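Start from the sequences and build out the full structure, keeping to the hints where you can.
Taken in order, these protein sequences are the chains called A and B. Letter 116 of the first sequence, counting from 1, is numbered 116 in the working numbering, and no numbers are missing. Letter 166 of the second sequence, counting from 1, is numbered 331 in the working numbering, and no numbers are missing.
Hints are computed from structural coordinates only; laboratory data are not their basis. There's no promise every hint is true.
List time: in silico EDC-like cross-link candidates among lysine to aspartate or glutamate, alpha-carbon distance up to 20 Å [unchecked claim]:
| hint | chain 1 | residue 1 | chain 2 | residue 2 |
| --- | --- | --- | --- | --- |
| 1 | A | Lys-114 | B | Asp-319 |
| 2 | B | Lys-302 | A | Glu-79 |
| 3 | A | Lys-134 | A | Asp-89 |
| 4 | B | Lys-222 | B | Asp-335 |
| 5 | A | Lys-39 | B | Asp-319 |
| 6 | B | Lys-222 | B | Asp-210 |
| 7 | A | Lys-115 | B | Asp-319 |
| 8 | A | Lys-69 | A | Asp-89 |
| 9 | A | Lys-115 | B | Asp-317 |
| 10 | B | Lys-277 | B | Asp-335 |
| 11 | A | Lys-39 | B | Asp-320 |
| 12 | A | Lys-134 | A | Asp-26 |
| 13 | A | Lys-115 | B | Asp-210 |
| 14 | A | Lys-115 | B | Asp-320 |
| 15 | A | Lys-39 | B | Glu-274 |
| 16 | B | Lys-214 | B | Asp-255 |
| 17 | A | Lys-39 | B | Glu-281 |
| 18 | A | Lys-115 | B | Glu-274 |
| 19 | A | Lys-102 | A | Glu-64 |
| 20 | B | Lys-277 | A | Asp-118 |
| 21 | B | Lys-222 | B | Asp-258 |
| 22 | A | Lys-131 | A | Asp-89 |
| 23 | A | Lys-69 | B | Asp-335 |
| 24 | A | Lys-39 | B | Asp-258 |
Here are a few chain B residues that sit away from chain A, every Cβ distance over 12 Å (derived from the structure) [stated by the list, open to error]:
| hint | residue |
| --- | --- |
| 25 | Gly-203 |
| 26 | Ala-215 |
| 27 | Asp-218 |
| 28 | Arg-224 |
| 29 | Pro-240 |
| 30 | Arg-256 |
| 31 | Asp-258 |
| 32 | Thr-272 |
| 33 | Pro-294 |
| 34 | His-344 |
| 35 | Ala-359 |
This structure is a prediction, so every number in the text was calculated from the model and none was measured. Glycine included, C-beta positions come from ideal geometry on N, C-alpha and C.
Here is how the chains run, residue by residue.
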Amino acid sequence: MNKLNTFLAAMIAVYAFSPISANAGDIMVMEPWARASSKMAKSAAAFLVIHNNGKQADTLIAAESDMSKRTEVHESYMEKDIMMMRHVDTVVIPAGGMATLKPGGYHVMFMGLKKPLDMGTTFPLTLVFEKAGKVTVNVKVQKAGAMGAMGSKGSMDHSKMKHAH
Amino acid sequence: MKRPILYVLFAVAILLSALVAKNYFDSPNKIASGPTIGGSFTLVDHNAKAVTDADFKGRNMLIFFGYTYCPDVCPTAMQTISDALDILGDRPDIVPVFVSVDTKRDTPEVLKSYLENFHPSIVGMTGTPEQVVAAAKAYGVYYAIVEGSSGDPDDYLMNHSSITYLMGPDGAFITHFSHGTPPDQMAEKLDRMAK
Ligand SMILES: [Cu+2]
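This is the structure we're talking about:
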């Protein structure tokens, strides 16, 4: 019982103070991360998971940041081995459900990046929901080819290797 | 007067079927019903040096077409190739190549900076619009700017083929990898099929 209490207290602490999640009402945004960009890059993408603990569906209608001239929600999709990308106006988060923004699917796209996203840094990103309003999260920058919030497992960080050119 | 026309038609028909048959039997490596993958190209590498297909003869070339402004699919593809090469270890017989289809924004300098985040053996390539059109055509690669994707002339999106091709030391097509192939599977297939 003691252990459980400690565990619960720890969990509450994680949810209350962690920079890795943020919530507004029934909407909770978790594990926001982005891929590091090169020095000359003019674009970048962020990924995250949105949980909706409410009894009504909510809709992501916009994303805002100071990192780029424009910040938009995009979707990558495949058609006969052709990779396409489009701007989407809304992403619905079903009641009691979630929406995942991940490589190969939805992402927050930074177009006209003002400065490079360096690995290990964080930056604020605001998501705008139809019902829950604005939710601001701190996006953690992973390596350029990361596939998830913790970086892709087992792969080397080539940015730290000497580039033999 | 009708006879000679019939003879001509008959001769043409025989000639055509002979050509079709020849093409069919000459090309065991072709993807079913598809055109030949690969061919000559003249491009510029990430050090602004002119390169042609001849520079890669004798080595297996792992070639992918994309663009650096792409924040999702292209970094994933480059990471997959990087991880596969890490699994394989030192393999100078395999050269990964990233050809940019974005001739307007992807200068050699931009490519070089972009590739610093990935495996050091990856060669970036770009070129004039004509050169890239020709290279993409040789590899049956489709790409297009998404019109109206933004009001800013420098912030456009592109659609592009997502397949990675493995070409042999003789420049002939060996196999291809679909987007989403896990690095370990790519490494295993590269090890088995590279010549
Ligand atoms: Cu995008």
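Of the numbered hints stated earlier in the document, which are not met by this structure? Hints 10, 13, 16, 23, 24, 29, 32, 34 are the ones this structure does not satisfy, whereas the remaining hints hold.
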